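Kindly produce the complete structure, drawing on both the sequences and the hints.
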Amino acid sequence: GGNSGTSGGGASCSKTYKVGLVTDVGKLSDKSFNATSWQGVVDAQNDKSLCVQGKAIESNQPTDYAKNMQTFVDQGYDMVVAVGFLMGDDTLAEAKKNSGTKFAIVDFAYTPTQSPPANLTGLVFKEDQAGFEIGALAGLMTKTGTVGQVLGLKIPPVVRYAEGYKAGVKYTNPSAKVLEVYQGPGDGAAFNNPDWGKARAIDEINQNADIIFGGGGNTGNGALLGALSKQKACIGVDTDQFVSYPDADGCLMTSAEKKLATAVKTAITDMVKNQWPSSNLLTFDAANGGVGISSYHDYDSKIPADVKTKITDIQKKLADGSLQTGVNIS
Amino acid sequence: MPALELRGIVKTFGGLRANDGVDLVVQWGEVHALLGENGAGKSTLMNVVYGLQSPDAGEIVYDGQPVVIRRPEDAIRRGIGMVHQHFMLIPPLTVAENVVLGHESARGGMMDLTAAGQMVSELSHRYGLEVDPRARVRDLSVGLQQRVEILKALYRGARLLILDEPTAVLTPQEIDRLFEIVSNLKAEGKAVIFITHKLAEVMRIADQITVMRRGKVVATTTPAESSPPDLARLMVGRPVLLRVEKGPAHPGDVLLEVEALKVEDDLHHPAVEGVDLQVRAGEILGVAGVEGNGQRELVEAIVGLRPAKGRVTIAGRDMSHATTHRRLKDLSHIPADRQQMGVILDMSIADNLVLPDFDRPPFAHWLIRALDSIRAFAARIIKEYDIRAERPEQRTGSLSGGNQQKVVVARELATDPKILIAAQPTRGVDVGSIEFIHRRIVEQRDRGLAVLLVSSELDEVLSLSDRVAVIYRGQIAAVLEGEAIDREHIGLLMAGAA
Amino acid sequence: MRLVLHWLRQALVPLLSVICGFIVAGFAVFLSGANPVDALVALFQGAFLERNSVSETLIATIPYIFLGLAVAIGFKAGLFNIGAEGQFYLGAIAGTYVGYSLHGLPAIVHIPLAVAAGMLGGLGYAVIPGVLKARFGAHEVITTIMLNHIALAVSDYLINRGPMGDPHASAPKTPFIQHSAELPILIPNARLHLGLLLALAAVPIVWFLIERTTVGFRLRAVGLNQTAARAAGISVGWTIVLVMAMSGALAGLAGADEVLGVSHFMPPTFSVGYGFDSIAVALVARSNPWGIVPAAFLFGSMRSGAGFMQLQTQVSADLISVVQATVIIFVAAPVMVRWLFRLRERPAIPTPLAAQEGAAV
Amino acid sequence: MNEFLQRADLVGLAAATLLASTPLVLAALGGVMSERSGVVNIALEGIMLTGAFMGYVAALATHNLWFGVGVAILSGALIAGLHAVLAIEFLVDQIVSGTVINILAVGITGVYYRTFIQQQNVAGPGTLPVWKIPFLANLPVLGPIFFQNQFVTYAMVVLVVCVHLLLFRSVWGLRTRACGEHPLAAETAGISVRFMRYGNVMLSGALGGLGGAYFSLQQVGNFLPNMTGGKGFIALAAMIFGKWTPFGAFLASLLFAASDALGSRLQFYGINIPYQITSTLPYVLTIIVVAGAVGRAIAPAAVGRPYKKS
Ligand SMILES: Nc1ncnc2c1ncn2[C@@H]1O[C@H](COP(=O)(O)OP(=O)(O)OP(=O)(O)O)[C@@H](O)[C@H]1O
Ligand SMILES: Nc1ncnc2c1ncn2[C@@H]1O[C@H](COP(=O)(O)OP(=O)(O)OP(=O)(O)O)[C@@H](O)[C@H]1O
Ligand SMILES: [Mg+2]
Ligand SMILES: [Mg+2]
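Residue numbers (the working numbering), protein chains in the order written: chain A, 1 to 330; chain B, 1 to 498; chain C, 1 to 361; chain D, 1 to 310.
Because the hints were derived from the structure by calculation, they are not lab data. All figures in this text were calculated on a predicted structure; none of them were measured in a lab. Note that CB positions come from ideal geometry on N, CA and C, so glycine has one too. It is possible that some hints are incorrect.
Facing chain B, from chain C, some residues (calculated, C-beta under 10 Å) [claimed, not checked]: (1) 161; (2) 208; (3) 211; (4) 212; (5) 218; (6) 220; (7) 232; (8) 233; (9) 234; (10) 235.
Right, here's the structure in full:
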């Protein structure tokens, strides 16, 4: 997250690249997934050297995805960013239909059998690595031997975080217990039910958990508030929530980051610089800094030096491949 | 100084002039009867006096002062009380709560129910209107409910009391009690306006009589100067036959038979407790009883609208478990509550005229409605039964009450049924229409129709029935025939005193 | 000519209501700091003037026609089917299943089968609240809202790595339906599909059903006065179940149509807010089947143009709800419109829903 | 057994239940007052959403949470006033006008959320403080359940009693019930049905608005589009299940809240039921309760019927 500033070189733009972003039904107000992806467009726009101009359309229902993307194409946009795995098939179809426009889709990897066209790339993250890192931290920091996580809908990126988290805890603290709860779809407020998330965090704390990972949009944000209200530690998700969600600063140890903004900006940059990936895929992982954990901010002083060392070590090993999370969910 | 003087009251509903320049003078210490056919505008006039409706023109002078009455509150404050044609009580509340409602004694906004109860007790002692202040109104008999209504008015300090058709649902004994109370009030110097369709009562209690027709006063007279036939003629504008003309019955086979019938009311209390009845072709069996003694449940059980234990045999077939739809093949039913059960006010007259047969030929073939035959049928019936309507497509709700009733009666008689169950067939209908409906029912009886007549109107039962069954607390107290049909005796049976 | 005049008069109050709705919504835009004229122009542009936008607007209109009819049928019988959303889901699920699981059928067989499955799915789901109401007196507003929530969970259960999930997909979704189940495209290079004709055919069918058949009479009688209907030998319980079944079948058809015509597969979260929107459609149309068409078109246009409006002016698509709400207010309160415009005509008051027997919410 | 109890964490469950029931109870109390006066209030959802939004905006602008709570209550009453005007003055069907309020609330809060709140990345006004009642808070079992809560929850408990007294012991309540059972009779007794209905619908809105404050000011410290998530409708079910009485509504709301908490807990007890199924527990329960357990609850006789004197 954050603002990448406007320090780019004062290149006068011979061409302005127009980039359109289509949200999934979560909308820009989710303070995480869609919002952060949009931040990538904004960052690109603020980087004057790229000469980018961005706009967003929020989708009201899944049948809008194709239409909203087509709207950008028809308006002569150079690139369309589709946010969310829900849009995978529509994006594929649109990309095939409009070969003159570049398409990037967050959280989606195409298989060769789908024969994705050259103008389409998926942006995927190894969330399990970020989850593993915070899990390892939680395993080291828990005093009660129990940690918790409150998650949004059970969809692949969320599951990767969650499974990585569990693996990380086990890695540093094999006897520790992990409590987990996913938000059900029935309340119709997927990723958007902070009240529920808060209550579940408190439930987990009542069951002895002393660190809560809130992984799932506003629902997860609620979990952070729950930890805060019980004076327990909490861990954020997707972006450095110390910045993006100051309400929870009082309990936030760190956040499991998935650098959506970076990824989106990278894809835009590749488009502008004519370095569009040929593999239909940009993977963001610990190795390229696409996932990781944010700085400890106010919590820095409460984390013993040896813990920090161990975490840094784990980060290195994940990056160079000598440590695997063991999570394989596509 | 007169108690009340109305000058040129006008009240219109849309194009209809319900009150068309009405003048009326009521003196203190007088019982003033107000007569008129249905829709003459009596209730409307009283609603104007009580502030429920605002007049378009005219003046109200009360106790010598011109007054403007916008809301019932204004009327109550001036000492005008009204007992409405349909009781204005709130069933789940207690007697005390109903009486004090709107004029509660309170401390800091909180009800003082003890004080209220005491006041109600005192008041009922003083006027001989005994009733338990803690009882819930929904558990009271109609007669007791009426006492509560009068108590309500007196509690508010009424000096002018309006009684709108107060005797329609009372037993003869209860009517005697009521008249005593009215006499007491009169003796205290209070004024009473008394609305009724029963001319005998007028002769008995009124000091002055005002007759209305089509929103206008057509006569002012006294009992001494007039007679019931005179009054009937003044009301309707033509001579009316006040007695039903009918020959002796020639009963045939039993067409409707009810055995050991047990039915519960809406609150699952037993309402009909083991009733046996037989109705033969060509006879009218009247069921007399005070409202609320199980008549409604009895009728609804026979028609199949209410689950029941026991046996119902219709035209020789056991129909105890048949649907209403099947029963209605041989059975016609004039429901007591026409606006709720009899017609669908928002449908056309034509649709209402085919309501029980809408899916049978000739009104429908397979699933398709035969609109032409429906229209033709409706046009014929409207003419035959003199329903005052402009077109068959007209909304039924736009008809006057009497004409709505005619729609129901016409429809139920038109399809040549074998059995007719007529509940309150002439309720609230004026003498002219009563004459018409009664004649139709007797005609059909003479052609072999079996009629079960259920009415709380004792006069109606007495004049129409060939046999009379008296219902009391869900049981048949007696079935009387011929000479045994005696007004006083039946009145006592209805009150459970035999 | 007289017919045209009659129609115009019928349409006058709704039309004025729509205008009022836009004025109020424009005011809301103004308060939020954007330019209302720009926003409304962009909305119009997005719905009609951009490439393929007419086709997209018609696509958005199709489900509103089905769903509007579904809700309107309920209204006619005095039932408030807020469950159109859930029935839409179940219809989509059933249609999708038949769409992908049957192989080797010719389109002429496969399409009707899938459509019928969708109708059956919606029907089955709507019968639940129907029976609960008929048998136990459970108010349909509450049960259908709850069933909407449950439908979301059911669809997530089935599709999100459940029995209907596509094991090869990287995202939770069903497999694609067979080509033989896809509704044919009406215009080359656009997405407009056969569903439009189905929807337009449904209108006269529903009209005929309500106005000319004994079934329609039965349900109108129940809607206007249950007690009198019962006394006339009409089984109120059966009628309620029947009405819910018809209503659900139409809603299910809408769901199946979205899959078979537009998306060709089903993700776990499929429809957002169609249920409530369709209530608005039915209200604006005053439950008249013919009126559903323009009303659905209005709502379809708004939905279709909303994206472009946001693109041009960055005004939130939620604005559409404001327009909808105000339009309904003015339609439902004809007294108000007449008062505003000094009209003398006396439009019918819509069927009372709240005042049914035992119908306390 | 002891270990099971500890694992089951009944105290925690009870505390979570009381907390989660807060908005349900408040909205249901609102429903009770409105419907007892004869006006169906299906708008509670929209009223709560409005309260949540306006309360949050006010708190954000003034940095004063208490001012926010006040504004939430007031705005709830005002939007309910719109329902009242439509239903009482213009005789709009009450379910229709309630639906209108619901749609309108979603639209308006959504539009203004985008304009005024979404861009904010500063910490919000926070949440209402937890008040530990001295001494009582330390009681075992009862302490953590009842005496370590925030304002809205305390207010909810107190209001259950207040609304009960108001409805069944006060003059206002008597008149309210009269209007809901037989408005014409109330009018003839000198009561202004119109005034009583306005009063009660707006009171209902105030209670719903306070329920809205629960979301934005007590729990989350932020506003989110649609954050009431259908709780208003569940509250209506609770009101019916509670047979239109305050205590009944309270108990029914507790039942729903408990089933929600329990459904989620089944997940971390490791019970092997798909989470989609357990998450539907409150909805399934609502249906069962509305259909079965209650039977045909008897509503105020005149509820939903417009009343207009000529
Ligand atoms: N609220 C109303 N709106 C329209 N018309 C009304 C209204 N109330 C009464 N009327 C009409 O006014 C006329 C007078 O009615 P009113 O009730 O005063 O008659 P009434 O003399 O009391 O008759 P009844 O003997 O049947 O009680 C009737 O034709 C009736 O149709
Ligand atoms: N509120 C109203 N609005 C419109 N029309 C009304 C209203 N009240 C009564 N009417 C009309 O009044 C007529 C029936 O009223 P009326 O009082 O004469 O009936 P009734 O059978 O004598 O009933 P009651 O015995 O209660 O007086 C019908 O034309 C009916 O449509
Ligand atoms: Mg009358
Ligand atoms: Mg009268």
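Name the hints, by number, that the structure is in violation of. Hint 1 is the one this structure does not satisfy, whereas the remaining hints hold.
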